[in-house]
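There are 2 protein chains.
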Amino acid sequence: MRKPKIVVLGAGYGGLMTVTRLQKQLGNNDADIVLVNKNDYHYETTWLHEASAGTLSPDQVRYDIANVVARSKVDFVKDTALKVDTEAKTIQLEKGNELSYDYLVIALGGAPETFGIKGLDKYAFSITNVDTARQIREHIEYQFATYQIDQKPERLTIVVGGAGFTGIEFLGELGNRIPELCKEYDIEKDMVKVVCVEAAPTALPGFDPELVEYATALLERKNVEFRIGTAIKEATPEGIVVAKGEDDTEEIKASTVVWAAGVRGNPIIVESGIENMRGRVKVEPDLRAPGLSDVFVIGDCSLVINEEINRPYPPTAQIAMQQGEFVANNLVSLINGKTPVNAFVYDNKGTVCSLGDDDAIGVVFGKKVTGTKASFMKKMIDNRALYMIGGVSLTMKKGKFNLLK
Amino acid sequence: MRKPKIVVLGAGYGGLMTVTRLQKQLGNNDADIVLVNKNDYHYETTWLHEASAGTLSPDQVRYDIANVVARSKVDFVKDTALKVDTEAKTIQLEKGNELSYDYLVIALGGAPETFGIKGLDKYAFSITNVDTARQIREHIEYQFATYQIDQKPERLTIVVGGAGFTGIEFLGELGNRIPELCKEYDIEKDMVKVVCVEAAPTALPGFDPELVEYATALLERKNVEFRIGTAIKEATPEGIVVAKGEDDTEEIKASTVVWAAGVRGNPIIVESGIENMRGRVKVEPDLRAPGLSDVFVIGDCSLVINEEINRPYPPTAQIAMQQGEFVANNLVSLINGKTPVNAFVYDNKGTVCSLGDDDAIGVVFGKKVTGTKASFMKKMIDNRALYMIGGVSLTMKKGKFNLLK
Chain A
99 MRKPKIVVLG AGYGGLMTVT RLQKQLGNND ADIVLVNKND YHYETTWLHE
149 ASAGTLSPDQ VRYDIANVVA RSKVDFVKDT ALKVDTEAKT IQLEKGNELS
199 YDYLVIALGG APETFGIKGL DKYAFSITNV DTARQIREHI EYQFATYQID
249 QKPERLTIVV GGAGFTGIEF LGELGNRIPE LCKEYDIEKD MVKVVCVEAA
299 PTALPGFDPE LVEYATALLE RKNVEFRIGT AIKEATPEGI VVAKGEDDTE
349 EIKASTVVWA AGVRGNPIIV ESGIENMRGR VKVEPDLRAP GLSDVFVIGD
399 CSLVINEEIN RPYPPTAQIA MQQGEFVANN LVSLINGKTP VNAFVYDNKG
449 TVCSLGDDDA IGVVFGKKVT GTKASFMKKM IDNRALYMIG GVSLTMKKGK
499 FNLLK
Chain B
99 MRKPKIVVLG AGYGGLMTVT RLQKQLGNND ADIVLVNKND YHYETTWLHE
149 ASAGTLSPDQ VRYDIANVVA RSKVDFVKDT ALKVDTEAKT IQLEKGNELS
199 YDYLVIALGG APETFGIKGL DKYAFSITNV DTARQIREHI EYQFATYQID
249 QKPERLTIVV GGAGFTGIEF LGELGNRIPE LCKEYDIEKD MVKVVCVEAA
299 PTALPGFDPE LVEYATALLE RKNVEFRIGT AIKEATPEGI VVAKGEDDTE
349 EIKASTVVWA AGVRGNPIIV ESGIENMRGR VKVEPDLRAP GLSDVFVIGD
399 CSLVINEEIN RPYPPTAQIA MQQGEFVANN LVSLINGKTP VNAFVYDNKG
449 TVCSLGDDDA IGVVFGKKVT GTKASFMKKM IDNRALYMIG GVSLTMKKGK
499 FNLLK
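Quick note, the sequences are listed as chains A and B, same order. With the first sequence counted from 1, adding 98 to any position gets you the working numbering. With the second sequence counted from 1, adding 98 to any position gets you the working numbering.
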């Protein structure tokens, strides 16, 4: 009898959770497991804002996939998946090979969503992966270095587009990083301008207003200027143009524009003709793609509705990991001829948004937290993700242990 | 009786040597000493190639002037000298003040000489000061970071214009730095291209051919490609255009072009109408400017002929420091009514050209040295400059003590 072949696309939170749970529960004779990923490392998407600001080394943000995946049980393919043929049950890879599957788990993560705003794709950076994070860090440093040569004030202006989770966390890190940069490059702190532009009527939509107030007040003390309820009309080589009043616009000159406002699904979803909304698949209760009994979609490419408010859960590491575990368990059931679980239920343990290295806000197990306590919890959450996928040794190696300040 | 006023422009090797020797020998009632410098720090010009490559922190390359100048004896003015009126005996400063002098020591250092090559001033970097060094370092890092985004091979090409002293030392540091950068940015070493273009028929003109051969062979092993006897015709936003054969040209695409081929005098010399050749003053034997009995010119702005070969001594820290000491002693004699020494005699103790952190070539006290021994001597020379100006404590703080590898 032929062994079923499970292909997992993506070694993010969801993909690695799936693979590590599969390799634990399946023997070599039960199934062939294949993991496809562009890089031979996993990176912590939720830490990229730190690498982008320059407060954490990019190397600390990633680890080798070989550290957590058992090569004896899993074939690792370093390649980029371009398109899935859901009828032929094959995946087209960039380097020219085709890969067949019996079960497919799409865990490829998202892509920046620019909502068609002109120039954003060209002139704004995006906190997307290790490569873009390093580029943002180096771009900002280069601007500070060059300011001493040409004295252009816009070199010291950083615009952050979006006051959502990523935007706020990035601003928090900038608050720590900018004083260091000023020292390094002999720049007066007052010369640096950080502007956060958010089209929505509030920062951190969905968060408790009291916590939002705490976060914005803290960031304002760190010299962040908020432009809430202000839409970016265009990004240009000189900066951005924002809406002002009914018909007017205003230019904000800035050498650095970081777009941190939206995530859509991976392009492969659209490319493969799978039913989607902005590249995300509104999955069945058991996380299968509609009409495709052998394709599971998890993480940023999936869309799970929070019935309480009838809106999708935001794409987070937490939900991706729970989905990965759910799909792995169901695949094991299917292979062992048992009945899989009908519906994925998200267990929201809470959310903490960091505000730099030493402060944070959040709701954990239903309770509001701020300050050192929240910051401590954030680091515990970061360490937990490492532990869930790579156990104690990985946590010791890459974890955050500057827990109390 | 009015005290004579000595103004020293520039806190480089020559200027600081002058001031520290003056403050040692003159009492508060003997003279007013004023030091004018753009920054409140001194930097080691001879170490800038390290800061530019990123192998040494820019902060390690400089120290506060306050560390070596006695504020009780010397007025420090943080400003930029724009023009000297040698008749009125005044100096125009950038911030609008005018400064008078009885004796003036111009020790302002040089400026890059681009020999009129089109585009060099606009598209090439120059290892000139702490600001430009930091910019070069950050520019190179940004190119490496961005390569992972757009995969343009020219991002990983660095052109060094000039195989003279600075060019070769910079190439040596790049040889150490590039493997680090490749590791940091996940780049294969073979993708990086370093090209050194030199119009003269040899690298390091004036050096012993055996040493030149040692240096170029070593750098070639570190993947430097030499284009000797090749003139740069133009620098462009894309790279450089070099001469090829009689009439032909060739483009070398490179995101980083560092021009390290020429030094001329400080613009203030020309601006002030002092007799000069390429901004450098062919000084009288006692280092006075021709026809100006109260103006001394030392360091890169001065031109002292080496009678043996009837060519000017190259501008080095060594000669600048000896000139500074000579001028300080003569000023003390003048003020004390003694007869100053007639002629400055340069005592060439030797020259060592580093080839990275662990190798060098040179001639010291008439003997050729290479390898670890030469590298050791180079660091001793670097430490000696610190010691001569700032004594033991400065040497301990900023010196190079990784003496043996």
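If you're looking for bench data, these hints aren't it; they were derived computationally from the structure. For each residue, glycine too, the CB sits at the ideal point set by N, CA and C. Please note: incorrect hints may appear among the correct ones.
Residues of chain A clear of chain B, computed beta-carbon distances all greater than 12 Å [said to hold, decoys possible]: (1) Asp138; (2) Arg235; (3) Glu236; (4) Ile238; (5) Glu239; (6) Ala298; (7) Pro303; (8) Glu373; (9) Met375; (10) Asp456; (11) Gly464; (12) Met494.
Dumping the calculated DSS-like pairs for lysine-lysine here, alpha-carbon to alpha-carbon at most 30 Å [stated by the list, open to error]: (13) Lys281/B with Lys498/B; (14) Lys193/A with Lys281/B; (15) Lys320/B with Lys287/A; (16) Lys250/A with Lys220/B; (17) Lys351/A with Lys250/B; (18) Lys250/B with Lys320/B; (19) Lys220/A with Lys250/B; (20) Lys447/B with Lys281/A; (21) Lys496/A with Lys287/B; (22) Lys447/B with Lys136/A; (23) Lys495/B with Lys351/A; (24) Lys216/B with Lys250/B; (25) Lys495/A with Lys291/A; (26) Lys193/B with Lys351/A; (27) Lys281/A with Lys331/B; (28) Lys193/A with Lys103/B; (29) Lys136/A with Lys181/B; (30) Lys216/A with Lys136/B; (31) Lys101/B with Lys181/A; (32) Lys136/B with Lys250/A; (33) Lys495/A with Lys103/B; (34) Lys250/A with Lys181/B; (35) Lys193/B with Lys250/A; (36) Lys122/B with Lys101/B; (37) Lys181/A with Lys250/A; (38) Lys103/B with Lys136/B; (39) Lys122/B with Lys220/B; (40) Lys291/A with Lys287/B.
Any hints from earlier that this structure breaks? Give me their numbers in increasing order, please. 1, 2, 3, 4, 5, 15, 20, 22, 23, 25, 27, 28, 29, 30, 31, 33, 37, 39 and 40
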